[in-house]
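Peer 1: Using the sequences and the hints given, assemble the complete structure.
One letter stands for each residue in the lines below.
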Amino acid sequence: MSDLETTSAPSAAPSAGESGPPAAHTQLKKVKKQKVLLMGKSGSGKSSMRSIIFSNYLARDTRRLGATIDIDLSHVKFLGNLTLNLWDCGGQEAFMENYLSQQRAHVFSNVGVLIYVFDIESRDVERDLATYVNIISALVQYSREAKVFVLIHKMDLVQPITREDVFDQRAALVRRKTAEAVAIMHKAKPELQQQQRLPTHPRMTSPTLEPDIDLQLFATSIWDQSLYKAWASIIHDLVPNLAVIETQLASLGVAIDADEILLFERTSFLVVSKWASREGDRNPYGDRFERMSNILKSWKHTCSKYTGTPRNAEQFSDFEYKMGTTFSMFATKFTTNTYILVCMPPGEARFNSAKLNVAAARTWFKFLDGPAVPAAASIPGAGGVMSSPHMIAGTPSTYAADWRMAAPSD
Amino acid sequence: MEFQVWDFPGQIDIFDNPNFTFDMDAIFGEIGALIWVIDAQDDYLEAVARLNTTILHLQRSYPHINIEVFIHKVDGLSDDYRLDIQRDVTIRIQDELSDQGIENAPVNFHLTSIYNHSIFEAFSKVIQKLIPRLGQLEAMLTNLCRTCRFEKAYLFDVNTKIYIATDSTPADMASYEICSDYVDVIIDFTEVYGSWPRSQQWRDRLEAEPWCQPLEDQVACEWAESGMVLADARRPIMLREVDRFLALVAIMKEGSYDKMPQINMNVDVVVKGLTEFFEITKPKEAVVGAGVVGAGGGAGTSGAGPGNGATTGAGRMVTPGVVQG
Ligand SMILES: Nc1nc2c(ncn2[C@@H]2O[C@H](COP(=O)(O)OP(=O)(O)OP(=O)(O)O)[C@@H](O)[C@H]2O)c(=O)[nH]1
Ligand SMILES: Nc1nc2c(ncn2[C@@H]2O[C@H](COP(=O)(O)OP(=O)(O)O)[C@@H](O)[C@H]2O)c(=O)[nH]1
Ligand SMILES: [Mg+2]
Chain F
1 MSDLETTSAP
11 SAAPSAGESG
21 PPAAHTQLKK
31 VKKQKVLLMG
41 KSGSGKSSMR
51 SIIFSNYLAR
61 DTRRLGATID
71 IDLSHVKFLG
81 NLTLNLWDCG
91 GQEAFMENYL
101 SQQRAHVFSN
111 VGVLIYVFDI
121 ESRDVERDLA
131 TYVNIISALV
141 QYSREAKVFV
151 LIHKMDLVQP
161 ITREDVFDQR
171 AALVRRKTAE
181 AVAIMHKAKP
191 ELQQQQRLPT
201 HPRMTSPTLE
211 PDIDLQLFAT
221 SIWDQSLYKA
231 WASIIHDLVP
241 NLAVIETQLA
251 SLGVAIDADE
261 ILLFERTSFL
271 VVSKWASREG
281 DRNPYGDRFE
291 RMSNILKSWK
301 HTCSKYTGTP
311 RNAEQFSDFE
321 YKMGTTFSMF
331 ATKFTTNTYI
341 LVCMPPGEAR
351 FNSAKLNVAA
361 ARTWFKFLDG
371 PAVPAAASIP
381 GAGGVMSSPH
391 MIAGTPSTYA
401 ADWRMAAPSD
Chain W
411 MEFQVWDFPG
421 QIDIFDNPNF
431 TFDMDAIFGE
441 IGALIWVIDA
451 QDDYLEAVAR
461 LNTTILHLQR
471 SYPHINIEVF
481 IHKVDGLSDD
491 YRLDIQRDVT
501 IRIQDELSDQ
511 GIENAPVNFH
521 LTSIYNHSIF
531 EAFSKVIQKL
541 IPRLGQLEAM
551 LTNLCRTCRF
561 EKAYLFDVNT
571 KIYIATDSTP
581 ADMASYEICS
591 DYVDVIIDFT
601 EVYGSWPRSQ
611 QWRDRLEAEP
621 WCQPLEDQVA
631 CEWAESGMVL
641 ADARRPIMLR
651 EVDRFLALVA
661 IMKEGSYDKM
671 PQINMNVDVV
681 VKGLTEFFEI
691 TKPKEAVVGA
701 GVVGAGGGAG
711 TSGAGPGNGA
721 TTGAGRMVTP
731 GVVQG
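Line order of the protein sequences matches chains F and W.
Residues in the first sequence are numbered from 1 upward in steps of one, following our numbering.
Residues in the second sequence are numbered from 411 upward in steps of one, following our numbering.
Heads up, some of the hints might be wrong.
Lysine-lysine pairs mimicking DSS-like chemistry, simulated, CA-CA at most 27 Å apart [said to hold, decoys possible]:
| id | chain 1 | residue 1 | chain 2 | residue 2 |
| --- | --- | --- | --- | --- |
| 1 | F | Lys-305 | W | Lys-663 |
| 2 | W | Lys-669 | F | Lys-355 |
| 3 | W | Lys-682 | F | Lys-305 |
| 4 | W | Lys-682 | F | Lys-333 |
| 5 | F | Lys-33 | F | Lys-274 |
| 6 | F | Lys-305 | F | Lys-333 |
| 7 | F | Lys-355 | W | Lys-663 |
| 8 | W | Lys-682 | W | Lys-663 |
| 9 | W | Lys-669 | F | Lys-333 |
Everything labelled a hint here was simulated from the structure, so no lab data went into it.
Peer 2: If you want it as structure tokens, here you go:
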């Protein structure tokens with residue numbers, strides 16, 4: 001998947017091989033462009049979601065959005081090295097027919113991700129599904145490696161106790177329809193069958209008709225954090241150098257003795273990567289990542305209202321919270337494009353050294369800020385050594401050690 | 411301190427209804443404030459007329475009760491129009507009262523809406539009038555602001571986000587909003603990271619080499635403390651938990667974040683003072699009722715209050731007595 005752009009349009013994404021070692025997983029790729037289709041019936045909430053996630057709208061601001069005419073194209077820069085070409089496709093029937101006929105090749109080729117939104121309140125489920133099947137067929141025809149995310153949206157309008165059931169039912173239905181659509185396409189174009197099967201996704205349970213397509217479903221609403229969960233998953237697989245980020249974050253976590261670290265993209269506040277210690281993993285709040293996105297983003301709104309600065313501007317630079325002997329945490333501007341949230345065990349000395357170490361570790365994450373920094377220079381000994389926790393810990397852990405020595409006598 | 415909120419049905423005239431026998435003394439004898447909600451988006455003349463009758467009743471038998479008029483749902487209205495309504499309602503009530511020979515009745519007016527923080531601010535002001543020795547609390551906060559160069563300090567009831575005291579500089583909605591939202595942020599973080607027990611191994615490891623100290627000795631402050639620097643003017647915000655129910659939140663002046671150690675010392679002193687203040691107040695267990703009366707169905711009282719029953723102070727939590735219509 002991460003190589004989609006390279007396979008479909010080789011010239012667009014030059015490999016970073018020239019600046020780094022050839023080991024594929026440690027390569028730092030240059031700017032990657034991803035075509036993301038946002039589709040679904042008119043009024044299902046596509047533009048609302050996009051505006052909240054990428055343009056800092058409040059949920060209630062979306063009531064003012066008008067229906068999207070034709071396709072609203074936007075380029076979202078995500079971190080330094082990913083550009084999302086977001087195709088927000090107006091969902092009125094006439095437009096949909098047009099995408100499927102005249103504009104078919106234009107719309108459906110080179111797609112990296114299709115996000116399809118179902119309005120849970122919609123009365124005409126059969127018809128919605130029929131349209132969906134047509135879209136999937138077109139997608140399989142032109143971009144058979146595209147990932148599909150189906151969002152069952154406006155779940156806030158469903159009674160909380162029945163939400164899970166309603167979602168499960170609808171999800172099963174969508175899976176079945178997806179599989180059928182893919183099967184029909186295969187029959188019509190047998191050559192498609194020769195493609196290699198993608199690894200089975202754990203969420204897919206349909207025993208007989210397993211769709212030959214990477215499909216993930218989410219229950220979402222703009223009125224709670226579920227939106228952030230879905231969108232974090234969507235961007236998660238698109239972020240270049242994810243393996244590197246994760247390794248580095250883990251090294252940092254171990255070096256500073258943290259219980260949890262979350263890395264957020266600075267505008268959307270989506271969680272890009274996370275790490276937790278063994279104790280941190282015991283946290284019973286499984287939804288905490290999207291919750292943190294939601295909390296910090298609405299805090300950003302509060303600040304922008306108070307300071308009178310634009311919503312997209314930076315709102316806070318440093319936050320700390322120490323809760324006695326339970327835990328400590330801090331959230332701070334990290335690299336140009338990211339914020340970092342660190343949850344620590346209690347203790348003044350531990351906390352202070354962690355803050356210093358996180359500041360010192362910034363340079364090791366510079367590559368998050370874009371292709372301007374030559375890959376090899378941004379990470380000492382990039383390639384091979386990277387996976388060793390000692391590498392990044394180099395400077396920081398020396399620091400940590402110093403602090404530890406000093407701590408007991410304080 | 412405990413407050414009970416009684417939510418009255420709006421359709422019923424409790425002073426003149428044979429089917430509805432309230433024990434007037436039981437209700438109003440102990441009550442501290444009566445909140446009357448007027449729907450500003452509706453025709454309010456009848457509501458004002460009924461409010462007048464009510465005020466006259468109360469003034470005769472229970473003149474100590476503060477009457478707090480919430481002109482509610484002003485979110486849809488322009489600023490000018492809001493003030494017009496407030497003026498109009500005020501005049502209608504004052505005229506009626508002076509016609510009846512009543513001057514200086516304790517009637518106050520608040521413009522409120524649930525779509526911003528105004529409803530919390532209004533409730534805060536209602537509650538503050540009922541707090542004994544409020545002046546002393548305010549003096550402590552004013553002092554703190556002077557010594558620490560704070561722009562503004564609020565003492566919050568954490569559960570309801572009502573502020574029960576602030577320093578002497580005029581309270582403004584903007585600083586209240588950001589401080590109140592800050593409390594929210596802290597509550598959320600506390601729930602996610604602070605509300606589940608850590609394992610014994612975790613603790614053992616943290617107390618072992620090279621620390622060799624119980625966690626209690628490794629922390630500087632036993633209560634929750636927090637600070638945040640805003641990006642633009644660099645005006646930091648700080649929060650300090652006073653006890654399970656109260657938190658001190660202050661907006662600091664530019665550049666004062668560097669002086670955090672001294673500030674913390676001053677805050678320590680004030681927090682100690684506050685704790686003592688509430689320790690003294692506690693044994694009295696003063697129950698002050700704040701009656702909420704909706705004027706006509708749908709004026710929007712049920713959901714409007716910042717939690718039914720503002721439990722303030724170091725007392726235990728009680729289920730507020732709520733009369734449901
Ligand atoms: N209750 C509820 N309403 C939502 C939610 N998401 C969006 N809406 C509302 O749905 C309406 C339509 O949203 P849009 O985002 O404009 O819909 P769209 O899918 O872009 O529609 P087209 O542009 O015509 O295709 C708006 O009034 C939103 O406020 C949700 O999660 N819950
Ligand atoms: N526009 C607006 N509507 C409000 C406001 N407060 C409450 N409402 C609405 O008014 C309706 C009646 O509210 P409710 O609390 O049940 O009224 P009660 O009969 O007085 O208790 C509800 O639909 C609320 O959503 C407000 O500040 N602004
Ligand atoms: Mg739209």
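Peer 1: Determine for every hint whether it applies to the structure shown.
Peer 2: Taking the hints in turn, this is what the structure says about them:
Of the supplied pair hints, the one linking F/Lys-305 and W/Lys-663 holds, its CA atoms being roughly 18 Å apart against a limit of 27 Å. The suggested pairing of W/Lys-669 with F/Lys-355 holds, with an alpha-carbon distance near 18 Å, which does not exceed 27 Å. Straight-line distance between C-alpha atoms of W/Lys-682 and F/Lys-305 comes to about 33 Å, which puts the hinted pair past the 27 Å bound. At most 27 Å may separate the alpha-carbon atoms for a hinted pair to count; W/Lys-682 and F/Lys-333 exceed this at roughly 34 Å.
A distance of roughly 23 Å separates the Cα atoms of F/Lys-33 and F/Lys-274; the hinted pair therefore holds under the 27 Å criterion. The straight-line distance between the Cα atoms of F/Lys-305 and F/Lys-333 is roughly 20 Å, inside the 27 Å bound, and the hint therefore holds. At most 27 Å may separate the alpha-carbon atoms for a hinted pair to count; F/Lys-355 and W/Lys-663 meet this at roughly 23 Å. The straight-line distance between the Cα atoms of W/Lys-682 and W/Lys-663 is roughly 23 Å, inside the 27 Å bound, and the hint therefore holds.
Restraint check for W/Lys-669 and F/Lys-333: satisfied, since their Cα atoms lie roughly 21 Å apart, inside the 27 Å limit.
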